[in-house]
Structures are given as C-alpha cells and as structure tokens.
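Trainee: Take these sequences, add in the hints, and give me the full structure.
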Amino acid sequence: MANYGTLETKNRLSELMVRAEKGEDVVITRHGKPVIKLQPIAHPQSQRERAHAALDRMKARASRLSLSSTEAIEFMREGRR
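By numbering that gives the first Met the number 0, the letter at position 18 of the sequence shown is numbered 17, and the numbering carries on one by one without gaps.
No wet-lab data here; the hints were simulated from the structure. C-beta: ideal position from N, C-alpha, C; glycine also. Hints are not guaranteed to be accurate.
[Claimed, not checked] The calculated label-pair distances, taken between Cβ atoms and stated as ranges, are:
#, residue 1, residue 2, range
1, LEU64, ASN10, 53 to 63 angstroms
2, PRO39, ARG76, 17 to 27 angstroms
3, ARG18, HIS42, 12 to 22 angstroms
4, ALA52, MET16, 25 to 35 angstroms
5, VAL34, SER13, 38 to 48 angstroms
6, ALA71, PRO33, 54 to 64 angstroms
7, GLU48, GLU7, 31 to 41 angstroms
Mentor: Structure below.
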C-alpha cells in the first residue's frame with residue numbers, strides 16, 4: 000500500500016489514478032493520517048457479458064447433473080402425462 004500526502008497527490012494525481020486502476024492500494028494522507036483510499040469503480044457489465052455469465056453458470060450446473068439414459072427417458076415419459 001502506498002501513502003501520499005496532499006501536496007504530492009495534487010502533483011501526481013494522474014499517475015496515482017493509473018496505479019489505482021491497476022489494483023494498487025493508493026492512500027492519501029493528511030498530516031500523516033490516512034484520509035482517502037483511491038480505488039477503481041467497477042463498470043457495469045454489458046447485457047452481452049451478463050448473458051454469457053448466466054450461460055456459463057447454467058452450463059456449470061448442468062455439468063453437475065448426471066442422469067442415465069433410462070432415468071432421462073422416465074422423466075420425459077412422466078412429463079408427457
């Protein structure tokens with residue numbers, strides 16, 4: 000974690016923003032005491048990304064299910080009644 004005083008932050012803000020975006024902990028201090036922590040804002044996922052994530056979750060759940068062909072046929076028959 001890197002600590003920066005107020006004046007240093009003012010002079011190096013762009014650099015500190017880049018560091019924070021890359022995941023580095025950037026703490027701004029006043030009189031040697033931590034006051035602010037810079038961290039990136041999580042950008043909302045696009046609709047496409049959300050759909051892909053949902054599909055991946057569905058595939059993961061489906062892969063945990065294992066039915067024999069006999070069980071699958073029986074479930075299909077029960078659904079037709």
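Trainee: Could you run down the list of hints and mark each one as holding or not?
Mentor: Here's how the hints hold up against the structure:
no.	hint	verdict
1	LEU64 x ASN10: 53 to 63 angstroms	59 angstroms, holds
2	PRO39 x ARG76: 17 to 27 angstroms	54 angstroms, violated
3	ARG18 x HIS42: 12 to 22 angstroms	18 angstroms, holds
4	ALA52 x MET16: 25 to 35 angstroms	28 angstroms, holds
5	VAL34 x SER13: 38 to 48 angstroms	20 angstroms, violated
6	ALA71 x PRO33: 54 to 64 angstroms	59 angstroms, holds
7	GLU48 x GLU7: 31 to 41 angstroms	37 angstroms, holds
Checked against the numbered hints given earlier, this structure breaks hints 2, 5; the rest are met.
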